[in-house]
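Make one complex out of these two single chains by using the hints.
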Amino acid sequence: MTVLRLALRSLSRNAPRYVFIGTAIVLAFALITTISALSDGAMAELRAKSYRYFSGTASVTGYENGRIGIPRADEAVAMLAAGLPGASTVSKRSLYYRDDALLAFNGEIVRQRRIVGADFRAEAEELRGLSLRAGSLAPLEAAGSRSILVSTVVSEALGCAVGDAVELRLSTDSGQDNAATLIVAGVFDEGSLFGYVSYLGLDTMNELTGRSPGYATDIAVYAKGGESSFAFAERVRQVLSAKFAVYEAFRDKAERDVAVARGGGLRLAVLAIDAQLAQIGDLMKAVLIVSRSVLAVFSLIVMVGIMNTYRILIDQRSKEIGTMRAIGMQSRSVLAMIMAEAGGLVLASCACGLAVGAGILAIVSGLDLSRYPAAGFFTAGGRLVAALRPGSFLVNLGMIAGAVGLAAFGPARKAARIQPAEALRSS
Amino acid sequence: MNKARLASLLLLALSCAAGAGSLAAQSETLDTAALLRKVDALVSFEDRDLAARYRIEKREPGGASQLTTATMFRRDRTDQYLILILEPAADKGKGYLRVGDNLWLYDPVGKSFTFTSAKDRFQNSGIRNSDFNRSNFSGDYRVSGSRREKLGKFDCQVLDLEALHERVSFPKCRIWVSEEGLVRKVEDYGLSGQLMRTTGIPSYQKVGERWLPQSMVLVDNLVSRKINGVVEYQRTTVTISEPSLAAQPDTLFTKEYLEKVSR
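Chains G and Z, in that order, give the protein sequences. Per the working numbering, the first sequence runs over residues 420 to 846. Per the working numbering, the second sequence runs over residues 165 to 427.
Okay, chain Z solo, but in the shape it has when bound (with noise of 0.2 angstroms):
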């Protein structure tokens, strides 16, 4: 075999091996974007509004508690939710309106809206008020690295996630994915790679053919305290309960709602 040939053999197997490589990372790639997808998939309920009771309790490292109960109606479809406040006395009749890009706080007392900020803490809980959207993961974020790891019982997929633009809380998150395409932790980090929020959804339930986390624990990283030798952090636990399909009136998805229900 001449050398010519020897040498055009080895760049057709050079290159074929990078073709493979190329393929298998595109596969990757497709994989994961596809994953996201998935993910968004299960818990969105594009063709139905989705209802639900929300329970939130916020407690301090070492102290007090404070709970909310609110109800949430949503509108996938459309990109929008109503949040109205049940408890605290204090609070009740209070109502969070989103309608696309817009969001207002109702403030029954002084009978007036508020535009607001999805990045803006709900209630002042762990949760953040774009936290109520629906799941967007394949639309705001894109894949920077991914790797298998066992969380608990589940076999998860873990994704490292970069924002695509700026209208996110987190410009960078790590998800876990367990087998079902189900999101089992979030771990949301600020610009400065400094871990800020960890979530952990343990439980969901089916709504209709779709997934709705039943319970959600959410800390804050940033404010902890050391306790007997333990560090412990502020902790908001979410539990969500009374789900519903049933189709609500367009006129509900208004501020002339908030004002009147909260008469």
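Same shape as in the complex, but just chain G (with noise of 0.2 angstroms):
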């Protein structure tokens, strides 16, 4: 305890000696907290649009000697939302899978990557997520609904708006034309992949498509949170094997493409969100390791201008050191002192590089990053989201600490090493 109030006494009386090494520390810290805090934020905002998109946290699909369907869909929904403990939505979802839909209005046309028949109601809170720029959901969540959501991309691109009878034609499982007049009720924000999706009601779909009425093609199972995807699609695809055939456990999109193609009877598949987004994900990992490695060079940049700089502070307070050794300090409380001094330097300064960094975010935050298509995965409404998670900031906070203690320690010990008689008869 009188180490570290000593510790504390002597930081606020060198605190001038200690600018520079706080400095250094602060920008650090506030590199590092907005680059974890913006990488954390574009990958939920990443993972909030791929559930939509993908069918939630573990998407449930069956196939059919080259066909895709769940026959029995609704019995599969009342299987996983009695036997699935963590699920907070199971829904029936039908898809359109091929390439030739497309929208049409005053003669533009854009052509459409995926077209969702979702169950609005079952699905109400997943799809409020959806950024709406104009509109509501409320026409969709009616039966029998004519009416489809659009994204900002087709918006702009047809020159439609909520109101308008764009036309979307498409093709019908047995391959025949077939068109419709729907009503756009609603626009959401969205570029990219996400952006060239349409969301319109399941019987809508199944009409349009010749299914047959509460058909499905998939099942989108939402988890409430706190585990993996991979682990809780195991969970699914275990309560769907007392009644279904099932797939084995898939990595990635690939895997499950290539068993699926050997053909067969009746089989689900469930793909995890995170094998969905396997490739992506890569490239999110490949890009956090780079940040990461400039990071530690960075640091270790700092840590030896740190080093430096303390060996200085320590040759100017030999004498003090000195002094305290003198009237009986040992040797273990110096080195305990110093180390407490700097601990106390990367708390302080870590505080205000918090701040500085979150100054950084709201800035960065702010800039309209919408012109870059690519973006579009990563923000919301074309702009970054700043997302610190506990787990990032400690990570960092260790990673300074631990910097700052290494640079400190070489230092720390000499001056534990000083000797009194010479530190006092030095001038």
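Because the hints were derived from the structure by calculation, they are not lab data. Computed from a predicted structure; not experimentally measured. C-beta atoms are modelled at their ideal positions from N, C-alpha and C, and glycine is treated no differently. Take these hints with a grain of salt, some might be off.
[Said to hold, decoys possible] So these bits of chain Z aren't anywhere near chain G, every CB distance computed over 10 angstroms: (1) A168; (2) A216; (3) E224; (4) G257; (5) V263; (6) K275; (7) F277; (8) K314; (9) P366; (10) L376; (11) R389; (12) K390; (13) N392; (14) T415; (15) Y421; (16) E423.
[As the list claims (entries may be wrong)] Some but not every residue of chain G turned toward chain Z, in silico, with C-beta under 8 angstroms: (17) N525; (18) I528; (19) G582; (20) E586; (21) T591; (22) S593; (23) G594; (24) Q595; (25) D596; (26) N597; (27) A598; (28) L627; (29) G629; (30) A820.
Okay, structure coming up:
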């Protein structure tokens, strides 16, 4: 306790000497915090969009001799709703997987990557996460609704707005042409891959594709959270395997496609969201590895600077330390005191660094990146989202603390070895 | 006349009337079925090979147009055709080969064949690959309704058709057949009943004992734009010229021929 008190007193008295080190730590922590928060936010945003696009934390798709569909979907939904703890929503979907769907309005045509027929009442909470720029989801919750939800990308390309009648052209499951006039109920903010998807009611989709009422190609299963998507998907498989033939667990979509290509009778494929995002996840991991490597190098540079500065500081304080040694302070206590000073400096500087980082994040989050198509994966409304997870914060703090500790240890050990007589004799 | 005899006479009269009505309905059904067969027969070349030059111009509403010219060889008795693209230069050498139920698209750049569908659009125009098949209304559709209507200068029988199977592009259509048995107009409908395409065939040319459209206009009813207060649709105009019934070698309807001629 005495050592701690001494350390804090020494820290406050020698504050002007620690300005350089403190500033370096503030900047380093601000940089690390900014990068971590933006990375975490980008991944969180990507996952949120992916849940809607890829049908939940775990998606269930039925395959039978090349055809996609789940004939006893209601039974599967009931099994999952009753026997899967941790599931927040289980809902049928009727997806359009072919690439010939297009929307037409006023002479303009936009091809659609995917059209999702969803149960808007069952997935109300998840679909409300769509950032609506105009309109509402309410018309789509009505049975037999002839409404459609389009993205800003589609809306701008077609020149359509809420209330306009657009033509949706697609083909039935038997390959015949079909079309329908649908009213735009809402326009959601979205670019990139997730922008070339439209949402309409499950029953409407089934009618347009010649499927029977209530038919489902997929089941969207959303988890409450707190477990990995792979673990959740495995639990979904276990529940369904009681009454359905289920494929083995897949690490990514490629594995699933190979298994499905073998054909055979009806089998359900369960795919975790992280398997769906395997390629994007690998890209993000690569970006994180590079950014962490850059931060590590930056920390090393800062550490070397801090170490040199500490050496100078210890030299300047040799008389003070010698005096403390002369009046009975042990070398262990000197070491502990200087390390405690470093610790206090780290905490104070990181607190300031957090504030500076928050300021940088506020500025960066305000930048409009919507003109960069790839940015749509990770942004909300064209803007980066910051989300600093407690785990990331502790890792960052540990990294800075470790770097400063390492930098201070050498000089602190030297200080602990100062001979009182020599220190007092020196001028 | 006692009541029993009166009842018998009444029953007999009713039976005769029902029978006459049924005969009339059957007769009409037979007439429309026969009409469909006549329509098919007039434009099919079962005993000869057919070749012709196609000029296909697609025009967007109020916008650009795109021109494709191609040569088509057709052998109806074996359900084969071969189409060779001549223009535009970027697509020259591309070809479509149909043999039975199989349809391939040949890409001369990659020297590869891709399996394609009869329901797909031909060169992104308003024509479908299936439109090059021989006419088979009588085999693909059944008549669900008919009436008479004047279409321009033509007195037409209008037939509402419903597909008998799922191999056709449109599950429902309506055709206007003139007195000579030639189709003058076709409306194609989707499963939802939405009008998707309208085809007008104002003129035919006689080729041997049969007929071949001289020009056709296909309107995509789903792609439209209002220009100066007038709704304009995406329109594809097809002009068929230089018809020939010269016999073609069997080797013409092969992949090897397409590869050779594209070189």
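Now the hints, each set against the structure:
no.: 1; hint: A168; in the structure: 54 angstroms, holds
no.: 2; hint: A216; in the structure: 26 angstroms, holds
no.: 3; hint: E224; in the structure: 7 angstroms, violated
no.: 4; hint: G257; in the structure: 25 angstroms, holds
no.: 5; hint: V263; in the structure: 19 angstroms, holds
no.: 6; hint: K275; in the structure: 24 angstroms, holds
no.: 7; hint: F277; in the structure: 20 angstroms, holds
no.: 8; hint: K314; in the structure: 29 angstroms, holds
no.: 9; hint: P366; in the structure: 24 angstroms, holds
no.: 10; hint: L376; in the structure: 25 angstroms, holds
no.: 11; hint: R389; in the structure: 3 angstroms, violated
no.: 12; hint: K390; in the structure: 7 angstroms, violated
no.: 13; hint: N392; in the structure: 13 angstroms, holds
no.: 14; hint: T415; in the structure: 31 angstroms, holds
no.: 15; hint: Y421; in the structure: 28 angstroms, holds
no.: 16; hint: E423; in the structure: 28 angstroms, holds
no.: 17; hint: N525; in the structure: 5 angstroms, holds
no.: 18; hint: I528; in the structure: 6 angstroms, holds
no.: 19; hint: G582; in the structure: 17 angstroms, violated
no.: 20; hint: E586; in the structure: 4 angstroms, holds
no.: 21; hint: T591; in the structure: 6 angstroms, holds
no.: 22; hint: S593; in the structure: 4 angstroms, holds
no.: 23; hint: G594; in the structure: 5 angstroms, holds
no.: 24; hint: Q595; in the structure: 5 angstroms, holds
no.: 25; hint: D596; in the structure: 5 angstroms, holds
no.: 26; hint: N597; in the structure: 4 angstroms, holds
no.: 27; hint: A598; in the structure: 4 angstroms, holds
no.: 28; hint: L627; in the structure: 6 angstroms, holds
no.: 29; hint: G629; in the structure: 6 angstroms, holds
no.: 30; hint: A820; in the structure: 59 angstroms, violated
When each numbered hint is compared with the structure, violations occur for hints 3, 11, 12, 19, 30.
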